[in-house]
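Those protein sequence lines, which keep their order, are chains U and B. Residue 68 in the numbering used here sits at position 68 of the first sequence; the count goes up by one each step and never skips. Heads up, the numbering used here is the position in the second sequence plus 1000, with the first residue counted as 1.
Some hints could be false.
Covered stretches of chain B (in silico footprint by chain U; criterion: 3 or more residues with CB under 8 Å from a CB of chain U, positions within the stretch not fixed) [said to hold, decoys possible]:
(1) 1089 to 1097
(2) 1102 to 1115
From the derived model, a few chain U residues whose C-beta atoms are all more than 10 Å from chain B [claimed, not checked]:
(3) L8
(4) F17
(5) G19
(6) L32
(7) L49
(8) F55
(9) G101
(10) T166
(11) A167
(12) E174
(13) R178
(14) F181
(15) V183
(16) I234
(17) V241
(18) E253
For the record, the hints were derived by calculation from the structure and aren't laboratory data. Note that the coordinates shown come from a computational prediction; the quantities given were computed from them, not determined experimentally. All C-beta atoms, glycine included, are put in the ideal place defined by N, C-alpha and C.
Below are the chains, spelled out letter by letter.
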Amino acid sequence: MDLLIAPLSRAGHAVAFAGRAILEMFRPPFELKETARQLYEVGWRSLPLIAVSGFAVGIVLSMHTRSSLERFGAEALIPAALMLALVRETGPLIVGLLVAGRVGAGFGAELGAMKVTEQIDALEAVAVDSFKFLVVTRTVACMLAMPVLTTVANFTGIVGGWAAETAISGMSFEAYFRSAFSVVGFADYIPGTIKTIVFGFIIAITASYLGVHTRGGTQGVGYSATRSVVAASILLITANVVLVRLIFFLFPESAG
Amino acid sequence: MSAGANGAAGVRLEHVSKAFGTLRVLDDVSLELPAGEATVVLGRSGTGKSVLLKHIVGLLHPDAGRVFLGDQDITSLDPAALAIARRQIGFLFQNAALFDSITVGENVAFPMRRHTRLPETEIRARVHEKLAAVGLEQAVARMPAALSGGMRKRAGLARAMALDPAVLLVDEPSAGLDPITSEEIDDLLVRVKRDQGATLVVVTHNIPSARRIGDNLLFLHEGRVLARGTAAELERSEHELVRQFMQSEAGG
Chain U
1 MDLLIAPLSR AGHAVAFAGR AILEMFRPPF ELKETARQLY EVGWRSLPLI
51 AVSGFAVGIV LSMHTRSSLE RFGAEALIPA ALMLALVRET GPLIVGLLVA
101 GRVGAGFGAE LGAMKVTEQI DALEAVAVDS FKFLVVTRTV ACMLAMPVLT
151 TVANFTGIVG GWAAETAISG MSFEAYFRSA FSVVGFADYI PGTIKTIVFG
201 FIIAITASYL GVHTRGGTQG VGYSATRSVV AASILLITAN VVLVRLIFFL
251 FPESAG
Chain B
1001 MSAGANGAAG VRLEHVSKAF GTLRVLDDVS LELPAGEATV VLGRSGTGKS
1051 VLLKHIVGLL HPDAGRVFLG DQDITSLDPA ALAIARRQIG FLFQNAALFD
1101 SITVGENVAF PMRRHTRLPE TEIRARVHEK LAAVGLEQAV ARMPAALSGG
1151 MRKRAGLARA MALDPAVLLV DEPSAGLDPI TSEEIDDLLV RVKRDQGATL
1201 VVVTHNIPSA RRIGDNLLFL HEGRVLARGT AAELERSEHE LVRQFMQSEA
1251 GG
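Bound-form chain U, shown alone (with noise of 0.2 Å):
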């Protein structure tokens, strides 16, 4: 029985955390200069890699459009298939899991380290709130950076698509983006960049959770960096799926 019931009251313990992180959200004293201090961490700091998988990515997906719809004949659509792919579900995955790496690791083990050390409390001690110090200010920007990480990505998915392209077709790039952009609208970007919100508020809630409940010194640490990831990983994945139908039923159109 107790398998059962330990998982159990684990998950509801790391609920209570996440709903306590929205409440707080909303609540003054709003730790604004710490929550700026993570969005450069965060957001920032992740620009590099996310620019450069984009692009990467954009390269490949490229490469597979036109080997598929060459077969048809359809070669003028490869833009616009890329375009769709990116910008709906590629570029919105891709990056979630990207910052579940680069970011769930970094909470998970900085939060660890500080709970080891007693930074934690210290906190506490001096009188702060370390819920809303560490948790909420993480959540925020994690939330607020990933919609323009991932426009990022998109961008420079497109870029890589017309890099790849225009290397066999020799397409201009002015072209490229104008065929790009005739068949995508806001109803497929949109959709598909509020969804990453999410994913932010699941990588940095999750790495928090299991950042601050790290125990046993510094292999706790590595095991709880590890574990944000692999957690952070598979509760976006498949949230995910829940996602898509939601974005589907709100937005009949984007299923067209």
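Since the structure of chain U is already known, use the hints to place chain B on it.
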């Protein structure tokens, strides 16, 4: 601001019990830590000494019983009121627990920035004053990771003193330090008590250190106060364990 300049406050525990799982760490402990005095808490490892300190600052909540800071029952406070009560308390953690993403100076400034409206120049002056008191004015711009253990502890003490607390709680001041550095820290603690009239509660295993600091000593064993008194009184204690403990000069 007058965060602690209001003079010392005593600490009182009434029938405090605390268990972790099935392990009873504090078992119906009642005690009074007099204002302006230095009380040293002795006992073997794992007898709830640190747990006792964490109850005084409200980091742990007792399963039963009450903890008074001055005449305020801190176990009954909501988080906001507890945060206000905590401003009268300085806590020096065993490994100093400096915030390692900011410099030593910012660590000391941190409580001031959070809880006072002092202008930046005044904060800088006070940081300098606090660091000078522990002999670390040169280290103001250094990162905690670049400090030795003794320096870290002194920086932690400067941070704990940032708001001139009425009560200073110290967890194992000598742990991991050489005897000379350890003696320096003890002297600092005695000076803080004498100059600021702060109530001092010090947890230690180190008997020489306990003799230097303590106006009175108390010995925790199996979750209860086994003996209490001056060092001389504890040496003549009826309990073999206490006498044995007092005779060990090794410290550590």
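Outcome of the hint check:
1. 1089 to 1097: holds (count 6)
2. 1102 to 1115: holds (count 4)
3. L8: At roughly 19 Å from the nearest Cβ of chain B, L8/U sits farther out than 10 Å, so the non-interface label holds.
4. F17: holds, 16 Å
5. G19: Fine: 17 Å to the nearest Cβ keeps G19/U off the interface.
6. L32: holds, 13 Å
7. L49: Correct as stated: the minimum Cβ-Cβ distance to chain B is 21 Å, above 10 Å.
8. F55: holds, 32 Å
9. G101: Correct as stated: the minimum Cβ-Cβ distance to chain B is 21 Å, above 10 Å.
10. T166: holds, 45 Å
11. A167: holds, 45 Å
12. E174: holds, 46 Å
13. R178: At roughly 47 Å from the nearest Cβ of chain B, R178/U sits farther out than 10 Å, so the non-interface label holds.
14. F181: holds, 43 Å
15. V183: holds, 46 Å
16. I234: holds, 29 Å
17. V241: Non-interface label on V241/U holds, nearest chain B Cβ at 37 Å vs cutoff 10 Å.
18. E253: The assertion about E253/U holds, with a minimum of 46 Å to chain B.
When each numbered hint is compared with the structure, no violation occurs for any of them.
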